[in-house]
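So the protein lines, in turn, are chains R and G.
Note that the numbering used here numbers the first sequence so that position 91 is 91, with each residue one more than the last.
Note that the numbering used here numbers the second sequence so that position 8 is 8, with each residue one more than the last.
Honestly, the hints are just simulated from the structure, not real lab data.
Some clues are possibly wrong.
Quick list of in silico lysine to any residue cross-link-like pairs, SDA-like style, CA-CA up to 20 Å [said to hold, decoys possible]:
| # | chain 1 | residue 1 | chain 2 | residue 2 |
| --- | --- | --- | --- | --- |
| 1 | G | K168 | G | G111 |
| 2 | G | K110 | G | E164 |
| 3 | G | K129 | R | P118 |
| 4 | G | K50 | R | D100 |
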Amino acid sequence: MDNYKIEGSPKTPSITFDLGSGVLEIKGRSIPENSIEFYKPLVDALDKYSSSSKPATTVNVQLEYFNTSSSKCILDVFKKLESIHKGGSAVTINWHYEEDDEDMLEAGEDYQAIINVPFKMVMVNE
Amino acid sequence: MVEVYEIYEKMERNNILLSFKGEVTSDLLTSILQIMENKMADLQEEPKMKKKVYNVLVECLQNLYHHMDEVPDAREQKLKSAIFMIGKLENLYTIFTGNYILNANISGLKGRLDKVNSLTKEELKHYYKEVLNNGEMSLKGGGGLGMIDIARKTGEKIDYNFLEINDKISFFTLNIKVTTQN
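Pulled out of the complex, with its shape left as it was, chain R reads as follows (with noise of 0.2 Å):
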């Protein structure tokens, strides 16, 4: 299976998977009008993932802007870890969120409330 990726656009935020190391990075915005389209081949490609995932899989977000209709996607992605976690990869989560960024953090905060993995919230700054 190859490694996924994904350059980011003004709407879109970069995607990359590297399937080798369990490591799945989400960088930049998520404002498109038409989530479900963006992130379904995510969602698709952790499925596969599924069948043969690392003992560890660690995910770092670090989104500067997304809006509530990828909320419900990244949830849908988060779910999807969720069920990898429970088949026996650990895994983590690293949400970024700028230091001023308290609505970021919240949002984090609103993730680890729902998806039962390891949250780690990463103050990052300006």
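Place chain G on chain R using the hints.
Quick look at chain G alone, frame taken from chain R:
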């Protein structure tokens, strides 16, 4: 004849930074967001203010993009048009939007807005998680999360109005205030 000066003067008085009237497309939203980002950089807004305004702007504009109803105009042509303005007075940004809505769709929208406006900060947080986790994702957007998110990020009640145009359609307006005080 449209009195251009009258429009100009009104916009000047409200300190309008940007306004648009017409069909809302995906490319238009990309451009508007880019322009506002540059403007806020020029105005040397604090990162916190920039982020709040940008986030709320995205939700307001995408609401227009996804939800405005197509209504017949005076010549029975299909009309899918909206107005959008953003103004700034000292440390307060105001986002105004206006679009047509079918009268049949008013009660549903009004119910959602009134529900959001009835909740406290903590209740909004809880409600957001509930809708995020259990709500059906519509093909269009966040399935009702937009207004909850706007209320959470602004810390203000959502100021809205429905102006009846005729027995079929009304004009729906939003007046969203963004400060970093809340």
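Which numbered conditions among the earlier hints are violated in the structure presented, ordered from lowest to highest?
none
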